[in-house]
Every structure is written in C-alpha cells, then in structure tokens.
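Peer 1: Spelled out, the chains give:
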Amino acid sequence: MYVELKNINKHFGSFKASDNVSFGIEKGKLIGLLGPSGSGKTTILRMIAGLENPDSGEIIIDGKVINNVPASKRGIGFVFQSYALFRYMTVFENIAFGLRVLKKSENEIKERVAELVKLIGLEGLESRYPSQLSGGQRQRVAFARALAPNPQLLLLDEPFAAIDAKVRQELRHWLKEMIAKLGVTSIFVTHDQDEAIEVADEIIITNKGRIDQIGKPLDVYSKPKTAFVASFFGQPNIFKDYNKFHSFDTVPNVEQAIVRPEFVKVTKKNEVQKFKNSAEEGVVTDIAFRGSGIEITVLVNGETLTARRSFDEAAIAVGEKVDVFIYRLFVTVGENAFLLENKSLREPVVVI
Amino acid sequence: MYKETTSSKIVKWTLIGISIAFVILMLLLPLITVIAEAFKQGFDIYAKAVSDNYTVKAIWLTLEATLLAVIINTVFGLSAAWSLTKFHFKGKKVLTTLIDLPVTVSPIIAGLIFLLTFGRQSPIYPLLQDWDIKIVFAVPGIVLATIFVTFPFISRELIPVLEARGNDEEEAAALMGAKGWTIFRKITFPHIKWAFLYGVVLCAARAMGEFGAVSVISGHLRGKTNTLPLHVEILFNEFQYVPAFAVSSILVMLAIAILIARSVIEYKGRKKI
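One line per chain: the protein sequences are A and B, in this order.
Letter 125 of the first sequence, counting from 1, is numbered 125 in my numbering, and no numbers are missing.
Letter 273 of the second sequence, counting from 1, is numbered 273 in my numbering, and no numbers are missing.
It is possible that some hints are incorrect.
Below, simulated DSBU-like cross-link-like pairs (lysine-lysine); rule was C-alpha separation at most 35 Å, straight line [claimed, not checked]:
{"hint": "1", "chain 1": "B", "residue 1": "Lys193", "chain 2": "A", "residue 2": "Lys16"}
{"hint": "2", "chain 1": "B", "residue 1": "Lys92", "chain 2": "A", "residue 2": "Lys73"}
{"hint": "3", "chain 1": "B", "residue 1": "Lys179", "chain 2": "A", "residue 2": "Lys73"}
{"hint": "4", "chain 1": "A", "residue 1": "Lys27", "chain 2": "B", "residue 2": "Lys179"}
{"hint": "5", "chain 1": "A", "residue 1": "Lys104", "chain 2": "A", "residue 2": "Lys118"}
{"hint": "6", "chain 1": "A", "residue 1": "Lys104", "chain 2": "B", "residue 2": "Lys92"}
{"hint": "7", "chain 1": "B", "residue 1": "Lys86", "chain 2": "A", "residue 2": "Lys64"}
{"hint": "8", "chain 1": "A", "residue 1": "Lys103", "chain 2": "B", "residue 2": "Lys186"}
{"hint": "9", "chain 1": "B", "residue 1": "Lys186", "chain 2": "A", "residue 2": "Lys110"}
{"hint": "10", "chain 1": "B", "residue 1": "Lys86", "chain 2": "A", "residue 2": "Lys104"}
{"hint": "11", "chain 1": "B", "residue 1": "Lys179", "chain 2": "A", "residue 2": "Lys118"}
{"hint": "12", "chain 1": "A", "residue 1": "Lys181", "chain 2": "B", "residue 2": "Lys186"}
{"hint": "13", "chain 1": "A", "residue 1": "Lys208", "chain 2": "B", "residue 2": "Lys92"}
{"hint": "14", "chain 1": "A", "residue 1": "Lys29", "chain 2": "B", "residue 2": "Lys179"}
{"hint": "15", "chain 1": "A", "residue 1": "Lys103", "chain 2": "B", "residue 2": "Lys179"}
{"hint": "16", "chain 1": "B", "residue 1": "Lys9", "chain 2": "A", "residue 2": "Lys6"}
{"hint": "17", "chain 1": "A", "residue 1": "Lys73", "chain 2": "B", "residue 2": "Lys224"}
{"hint": "18", "chain 1": "A", "residue 1": "Lys73", "chain 2": "B", "residue 2": "Lys186"}
{"hint": "19", "chain 1": "A", "residue 1": "Lys104", "chain 2": "B", "residue 2": "Lys186"}
{"hint": "20", "chain 1": "A", "residue 1": "Lys268", "chain 2": "B", "residue 2": "Lys92"}
{"hint": "21", "chain 1": "B", "residue 1": "Lys86", "chain 2": "A", "residue 2": "Lys110"}
{"hint": "22", "chain 1": "A", "residue 1": "Lys208", "chain 2": "B", "residue 2": "Lys186"}
{"hint": "23", "chain 1": "B", "residue 1": "Lys86", "chain 2": "A", "residue 2": "Lys103"}
{"hint": "24", "chain 1": "A", "residue 1": "Lys110", "chain 2": "B", "residue 2": "Lys193"}
{"hint": "25", "chain 1": "A", "residue 1": "Lys268", "chain 2": "A", "residue 2": "Lys208"}
{"hint": "26", "chain 1": "B", "residue 1": "Lys90", "chain 2": "A", "residue 2": "Lys208"}
{"hint": "27", "chain 1": "A", "residue 1": "Lys6", "chain 2": "B", "residue 2": "Lys179"}
{"hint": "28", "chain 1": "A", "residue 1": "Lys103", "chain 2": "B", "residue 2": "Lys193"}
If you are wondering where the hints come from, they were derived from the structure by calculation, not from laboratory data.
Only chain A is shown next, with the shape it has when bound in the complex (with noise of 0.2 Å):
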C-alpha cells in the first residue's frame, strides 16, 4: 500500500468528520473519495495533505508515518476545489512557484514550466492572468502546478465543481488520461456519483465520517455492501414492504427495499412481457424526457416506481396501463444491503 490510513479520528468541536477511518492505497491508482456533502471526504484528504491533523491515528505514505511532518516536506500535490491559483501571478509565474521554493535553477523552471504547459495545452497562454483564463483553462492551470515539482501523491478536492457541464465531461477523460500517463498516485472528492464511476479505478465511499465500502465502480454500484451505498448510487426509489411484488425471497426483519431504475421493465398491456406471471399492474403517473430516453413514473401497489424506456420503444401516455416487472432489488437489514433477484428469472419460464 502507498497510502495508507489507519484509524484515524477527527473532530470539529462535536462533530465528528472522522470516525475510525482506515484504508490502503496502491501506487499509481487513481481513486475517488466519494460521498454527500458533510461526510468527512474533503476533510480525510485535507489530513492526508497535512492542512489539517487527526485527532488520533495514524496517517502512512510510502512506509513511513507522516502525522508530525509538516504539510510543507510532504511532497504532495494539491488541486483545490477553487483552485487556489495566485491572482497576482501569470501562468508562468503561477506553475512556477513551486520550483522556485525548491531554488530550481532559472533553465531547469523554464523547462519544466514549457513541459506542463505543453502538456495542458496551453501553449501561448503562459503570460496571461488567472483573471483571464475560462474555469477549463484555470484547472488545467491549477493541475500543472500540483505536478511541477513531481510530487509523487496527487490530491484533488471536488475538481470539477466549478465548470459547467459539457467542459467538465471533457476535461474528466482529459484529467483521467493525464494521470494514467503520469502514473502518479492520485485521489480525488466528489460528490458526484457519475464522476467517480467514470474516473476513478476505485471508489470509496464516505458517510458519516465513516468509509462504507471500498471497491471497483462497477461493484460499488452493483454490489452494495450497506444500506447507504444502496441508496446513494443511481435513481432510488425507496419502499418499505417489498412483499407486495410478486416472487422475491423473504428476508426476515427487512427495514426498507430499493429498486433502481434500471431493475424495472416496464411494458404495454400489447407487448411481450417474458416474466408477465410474476409482473403487476401499474398506472403511468409521469412522463418525463431525458437526453438519453423516457423516464416513466408508474404507480404499482401503492408504491411510486421509476423506469426508463427508449425512444425506440412504442409510446407510452400518462393513466396508461401498464406491465411492471422488477428483476432485481436491494433490502436492507440494519445497516447491510442484499441484493434479491426475481425468483421467475432462475425458474423456467411457464408457458400456460
């Protein structure tokens, strides 16, 4: 492990933005600290940085203990969510602060500076002011000057925050394929689930001062460990009784049930319907057009349902009846999730 937390304790007067944190990290990966506002992930990786220290535990980076060294000698990079670039600095100026607090020759800062800034793509633009650079510009800006001086640990809080929607999908692939190239060790907060999912090559997840669950995005969203991580990743839709639907296991003293959007088929009375035994009736509440297709709101048993179909599919309208199926959902028991899968998917279909 490169970086390594263990059992590490915060407080801010009475509250608790740590509780026993503990995780390991591999050199070279590239993972998301995930989780709401307030659970602790801005302030786990502002100990790591040094800017804040632990109450008790201990914090490890490249075998050695690192609580008493000064946020200064740590030799880490960090991307702030404002990015934090010195207004009163040119770019330039501004990626070579870091060099020059490390008595780097005036030759070796041009060259490294004309090397960083090459490699964001923003040749020509090295005299200008923060002031004058768009929020894309001023993070690649921010990124370059974390790496000046080769830290060999890279932090980033929320580092898309603050740029609109279709530079931040952009500049998401670009950060990705930067760091992948570099091969430095880096992590990174959002709260945004879509972000770590495509990011990151592991997630982990924060609530409540605690981690939840550490892991791979596709078995973080797929494998839920707790009832938080269950409820957090996708569209939830969040019921008490599950038994009301048709061939689920039951579980003893389930507390509440969540179905996501993509576990529920919803059909017309005239279409194919391979599971209709197991499938009930619902009424459509809502219809509501995504980019990517029709998210349909369906009333069944009393309980609210999200669905999504395609544009290609046959047009559904509001007060239409229609087939819902669940294939699968997660219950949860105290703070555990399990998954449950419709039984009729392992049975042979039936053909009456």
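Using the hints, position chain B against chain A.
Peer 2: Using the frame of chain A, we list chain B on its own:
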C-alpha cells in the same frame, strides 16, 4: 440607460443642486477664506509667518508624529488584520470591537486617559521618573496620542479585503513549501497592497490633523510640544490672524496632497482588480 421622466429629472437636479450648494458652503468657501486670509497682507508676510521658527518646529513635530503613527499602526494594523482573519480564537469579537474604540471615543478623552495614565497622579509616574522617561507634556505623549486616535485606520482597511478572499492561495503556497515571509510577500501583500496604501493615507491624514487628544497631553510648549493644529490655535488666540491662517494653509495643502494621493491609489487599486 433608462429614459428619464420630467419628475425624475427634477429629483436628479434638485439633489445635485443641494450637494453642490452644500460643498460650496461647507468646504469650498472656508477653504478659499483660509487661503485668502493667509495672503491678505501679501506674500512676504505669508512667507515670514510660514518660515517662523516656531512654525517650522511645529511642522517637523507634526511630520514626526505622523510618521511614527503610520509606522507603528502599519505593524499593528497588519498583525491585527492578519490574526483576525486567519485565525480563530477566543475573544476575537471583543478584539474586533476594541479596535474601533479610538474612533468612537472623543479625542479629548483619549488625551485625558494618557494624562492620567502617565501623569503625576499615576501610580507608574515614579517608575517613569526613575527611568527618566517623559511622556506627558513631551513628544512621546504626542506620538502616543496620535497613534491612539489613528489606531484603527489601517487594520480597518485590510480586514474586509482579507476576509473576502479566504486562505486558499496561502494554503496552496504553503503546501508547495513556501515559508511565511515568502507567502506574505508574494501572495498576500500584492492582494492587500492598495487597501493598505489607502489605510496609510487615511492614517496620515488623521494624524496630521489631530487636535483634541494631542492638545490635552502636549502642554502647549511652543517650539517643543506644539504640533501644527495646536500652533494654529495659539496664534489665533493671540489675535495673530494672518499667521494663523498662513499656518492653516500648510495643513490645507497637506490635506489636498493627501486627497490627490488617495484618488490616485483608489484609481490604481480599482484598475488592478
């Protein structure tokens, strides 16, 4: 631009008229009077009054007190503004409020405070005697009183500027290993430069014109503890109107110079941001 109606035009010109009339009556007229009175008996008399030994000494004392007040309040103002915006500590609110005290308290009272603290009735007076330190009715007292009344000017200019920005840039620089002084010089100071200069100008203007507090503690020793404003009063009380106005005109000219400096700083500061 929105279209002006007849009534809004009337309102506009009435308000402008009131302002201009007020400025003429309250500012321009007295200013012209001062200059006119000063030169009433010709330039020679004016030059003589201005180059009078006591006047020159008063000018030097005023400049000395002003310079010291600016220097000391710069150190204090920077540290106060820095500590109040960058750190959280108990009593922060109290300190913020206390900084404003000198502008809310009457200068006469400020003078009296120093008179009682360092004068003959004071318990520390024997101690000062032993060390041979003279404060009351001496230059140190005047400097102290001047510092006191100009105390908040620099910090008050800096606090909002520092508050509006946050610590991100300093943190970023510190993470890259920059030392405190480098961070201040390269990151913080460029940001507060214009507000700081503006504070210095205000502080200097107030220091030069201070009358009340200095009057109480000075003892009016001509050529020793007389600042320009005090000198004007003395001359005026002695019915020496031309010299009184001549000395006043020096203060007026200093004030105008400061106003110009202020405008330049404001203009440059705005252009930078």
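Peer 1: A separate judgement is required for each hint: does it hold in the structure or not?
Peer 2: Against the structure, the hints:
For the hint pairing Lys193 of chain B with Lys16 of chain A, the CA-to-CA distance comes to about 39 Å; that exceeds 35 Å, so the pair is violated. Pair hint Lys92 of chain B plus Lys73 of chain A holds up; C-alpha atoms about 31 Å apart against a cutoff of 35 Å. With a C-alpha separation of about 11 Å, the suggested pairing of Lys179 of chain B with Lys73 of chain A holds against the 35 Å cut-off. Note on Lys27 of chain A and Lys179 of chain B: the hinted pairing holds, with a Cα-Cα distance of about 30 Å set against a maximum of 35 Å.
This hinted pair checks out: Lys104 of chain A and Lys118 of chain A have alpha carbons roughly 20 Å apart, not beyond 35 Å. Restraint check for Lys104 of chain A and Lys92 of chain B: the C-alpha separation of about 41 Å exceeds 35 Å, so the hint is violated. Restraint check for Lys86 of chain B and Lys64 of chain A: the C-alpha separation of about 31 Å stays at or below 35 Å, so the hint holds. Using a Cα cut-off of 35 Å, the hinted pair Lys103 of chain A and Lys186 of chain B holds, with the two alpha carbons roughly 15 Å apart.
This hinted pair checks out: Lys186 of chain B and Lys110 of chain A have alpha carbons roughly 19 Å apart, not beyond 35 Å. For the hint pairing Lys86 of chain B with Lys104 of chain A, the CA-to-CA distance comes to about 30 Å; that is within 35 Å, so the pair holds. At most 35 Å may separate the alpha-carbon atoms for a hinted pair to count; Lys179 of chain B and Lys118 of chain A meet this at roughly 29 Å. Distance restraint check for Lys181 of chain A and Lys186 of chain B: the Cα-Cα separation of roughly 33 Å lies within the 35 Å cut-off, and the hinted pair is therefore satisfied.
Distance restraint check for Lys208 of chain A and Lys92 of chain B: the Cα-Cα separation of roughly 31 Å lies within the 35 Å cut-off, and the hinted pair is therefore satisfied. Pair hint Lys29 of chain A plus Lys179 of chain B holds up; C-alpha atoms about 31 Å apart against a cutoff of 35 Å. Only pairs whose Cα atoms come within 35 Å are accepted, and Lys103 of chain A paired with Lys179 of chain B is accepted, the gap being roughly 13 Å. Pair hint Lys9 of chain B plus Lys6 of chain A does not hold up; C-alpha atoms about 72 Å apart against a cutoff of 35 Å.
With a C-alpha separation of about 56 Å, the suggested pair Lys73 of chain A and Lys224 of chain B falls outside the 35 Å cut-off, and the hint is violated. For the hint linking Lys73 of chain A to Lys186 of chain B, the alpha-carbon distance of about 20 Å falls within 35 Å, and the restraint holds. The straight-line distance between the Cα atoms of Lys104 of chain A and Lys186 of chain B is roughly 17 Å, inside the 35 Å bound, and the hint therefore holds. Using a Cα cut-off of 35 Å, the hinted pair Lys268 of chain A and Lys92 of chain B is violated, with the two alpha carbons roughly 67 Å apart.
Between Lys86 of chain B and Lys110 of chain A the alpha-carbon distance is near 34 Å, which keeps this suggested pair within the 35 Å criterion. Using a Cα cut-off of 35 Å, the hinted pair Lys208 of chain A and Lys186 of chain B is violated, with the two alpha carbons roughly 39 Å apart. Proximity of Lys86 of chain B to Lys103 of chain A is assessed by CA-CA distance (about 28 Å); at most 35 Å being required, the pair is judged to hold. Note on Lys110 of chain A and Lys193 of chain B: the hinted pairing holds, with a Cα-Cα distance of about 28 Å set against a maximum of 35 Å.
Using a Cα cut-off of 35 Å, the hinted pair Lys268 of chain A and Lys208 of chain A is violated, with the two alpha carbons roughly 42 Å apart. Pair hint Lys90 of chain B plus Lys208 of chain A holds up; C-alpha atoms about 28 Å apart against a cutoff of 35 Å. Distance hint between Lys6 of chain A and Lys179 of chain B is fulfilled; the C-alpha atoms sit about 30 Å from each other, no more than 35 Å. With a C-alpha separation of about 26 Å, the suggested pair Lys103 of chain A and Lys193 of chain B falls inside the 35 Å cut-off, and the hint holds.
Hints 1, 6, 16, 17, 20, 22 and 25 from the list above are not met by this structure, while the remaining hints are.
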